[in-house]
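Chains as they are written, first to last, in the numbering used here: chain F, 14 to 177; chain R, 14 to 177; chain X, 14 to 177.
For the record, the hints were derived by calculation from the structure and aren't laboratory data. Please read these numbers as outputs of a predicted model, since none were measured by experiment. Careful: at least some of the hints might be erroneous.
If several chains are the same, the list does not tell them apart, and a pair holds so long as it fits within one copy or across any two.
Taking lysine-lysine pairs in the DSSO-like style, the calculated list, with each CA pair at most 30 Å apart, reads [unchecked claim]:
id, residue 1, residue 2
1, Lys148, Lys116
2, Lys115, Lys148
3, Lys67, Lys134
4, Lys66, Lys116
Residues per chain, in single letters:
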Amino acid sequence: MSNENNAKRLSMIVTKGTLDWAYPPFILATTAAAMGLEVTMFFTFYGLTLLKKKLDLSVSALGNPAMKMPMMGMHIGMPNLMSVIPGVGAAATTMMENLIKKKGIASIEELREAAIESEVKMIACQMTMDLFEYKIEDMIEGPVVGGAATYIETATQSEINLFI
Amino acid sequence: MSNENNAKRLSMIVTKGTLDWAYPPFILATTAAAMGLEVTMFFTFYGLTLLKKKLDLSVSALGNPAMKMPMMGMHIGMPNLMSVIPGVGAAATTMMENLIKKKGIASIEELREAAIESEVKMIACQMTMDLFEYKIEDMIEGPVVGGAATYIETATQSEINLFI
Amino acid sequence: MSNENNAKRLSMIVTKGTLDWAYPPFILATTAAAMGLEVTMFFTFYGLTLLKKKLDLSVSALGNPAMKMPMMGMHIGMPNLMSVIPGVGAAATTMMENLIKKKGIASIEELREAAIESEVKMIACQMTMDLFEYKIEDMIEGPVVGGAATYIETATQSEINLFI
Numbered sequence: 014m015s016n017e018n019n020a021k022r023l024s025m026i027v028t029k030g031t032l033d034w035a036y037p038p039f040i041l042a043t044t045a046a047a048m049g050l051e052v053t054m055f056f057t058f059y060g061l062t063l064l065k066k067k068l069d070l071s072v073s074a075l076g077n078p079a080m081k082m083p084m085m086g087m088h089i090g091m092p093n094l095m096s097v098i099p100g101v102g103a104a105a106t107t108m109m110e111n112l113i114k115k116k117g118i119a120s121i122e123e124l125r126e127a128a129i130e131s132e133v134k135m136i137a138c139q140m141t142m143d144l145f146e147y148k149i150e151d152m153i154e155g156p157v158v159g160g161a162a163t164y165i166e167t168a169t170q171s172e173i174n175l176f177i
Numbered sequence: 014m015s016n017e018n019n020a021k022r023l024s025m026i027v028t029k030g031t032l033d034w035a036y037p038p039f040i041l042a043t044t045a046a047a048m049g050l051e052v053t054m055f056f057t058f059y060g061l062t063l064l065k066k067k068l069d070l071s072v073s074a075l076g077n078p079a080m081k082m083p084m085m086g087m088h089i090g091m092p093n094l095m096s097v098i099p100g101v102g103a104a105a106t107t108m109m110e111n112l113i114k115k116k117g118i119a120s121i122e123e124l125r126e127a128a129i130e131s132e133v134k135m136i137a138c139q140m141t142m143d144l145f146e147y148k149i150e151d152m153i154e155g156p157v158v159g160g161a162a163t164y165i166e167t168a169t170q171s172e173i174n175l176f177i
Numbered sequence: 014m015s016n017e018n019n020a021k022r023l024s025m026i027v028t029k030g031t032l033d034w035a036y037p038p039f040i041l042a043t044t045a046a047a048m049g050l051e052v053t054m055f056f057t058f059y060g061l062t063l064l065k066k067k068l069d070l071s072v073s074a075l076g077n078p079a080m081k082m083p084m085m086g087m088h089i090g091m092p093n094l095m096s097v098i099p100g101v102g103a104a105a106t107t108m109m110e111n112l113i114k115k116k117g118i119a120s121i122e123e124l125r126e127a128a129i130e131s132e133v134k135m136i137a138c139q140m141t142m143d144l145f146e147y148k149i150e151d152m153i154e155g156p157v158v159g160g161a162a163t164y165i166e167t168a169t170q171s172e173i174n175l176f177i
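Can you make the complete structure from the sequences, with help from the hints?
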């Protein structure tokens, strides 16, 4: 945190690990880094899984009636009854993956790689690693392990703080 | 962002599009604007639907065991099994709509209108519009279209930043 | 908000009331208070229930495919179909409670007590109390009742603002 160049700083707590909610933190991180900000991401709770070497992200329309896919010129939601049928969650994931690819949007893996290349600082939450029994060797290289105090220290020095 | 009057600035990323989660951003926006703050709302992901001319918001108790409605002096939650039955999601929406009306709380449409009248600046996320194939003509008048860089620019100039 | 000692200030909007999402605000609050920050928590929407004298928190894997419990050296998620079966939500709650206890992590009740002892300021949202018909006598002692304007006032004076 030397910040010799007076750059503004963005610090994010990343708590969600689904395909859709993985996008906001990585898009914000890469955009901010490209604009010259110093960026720190603190991965905790379900967000910690975004640091795994092998990502296996999915979405679920369950409990989110606002998730509607564009189909045949309309926006179609999924009734909760359908969403619990085995395979329908996987179908929603495939639909969203296809939509993302068709629209030329980068994958989470690509955005994560770009974030690391842009020197975005990543911190893996120690307590979450203990709680959910994740090992550092399952994670990509780059992140350091830290706790809530590490996050608070960073946040007090950041102009933009977001809990995602 | 001239900010001649030295007003404090609040900037929010609005990512959720259900009836319940639509309230926090609009209540904060109208309250802050009434207190003299300059407010910017960046609508992205499921939150983008809150800019549609015709709102059709609903709630789901699915996956949110903390959602409990006051009934007959008690607080009743809904077992997940019930919530997947067709019509029960709609019933939860109706119950919450009735509760909101009975308590004299403004509708999202009314709060949105008040926000626009208070000169709250609204930005519709370009990437989300492309991804979910929403058209500017389906949106209310007022919002401009912008990307993550527009948001970051605003955020660096805001005293309060929230990801909702 | 005298802040004679030039302490940095952390202000959080706490909106979720499940067992898992109750942790981030209380861990951040107690950690920040221990580091000398002045902390304010504004409890609103489903988060208001975290102020109840008798906590009865649960989790649901529904709609959160990223929730995976460590079992027999693997990480097991729960198919949505299983999660709607009566009792399975309760089982997920019990599993997470056991995991938390086994790992020696403090309970929400303990963290809440520690937060109060650390002079974390707690505000219960007036509108939510009216909407969901919660009474101040059902709440723990300590929190004051306030509205969105009280929150905004606090937020304008805080270096770190988070919406959780």
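Okay, the hints, checked on the actual structure:
1. Lys148 x Lys116: Between. Shortest inter-copy distance 15 Å satisfies the 30 Å Cα cut-off; intra-copy 35 Å does not.
2. Lys115 x Lys148: The answer is between: 18 Å across copies meets 30 Å, while 34 Å in one copy does not.
3. Lys67 x Lys134: within (20 Å within a copy, 40 Å between copies)
4. Lys66 x Lys116: Intra 25 Å, inter 25 Å, cutoff 30 Å: intra and inter.
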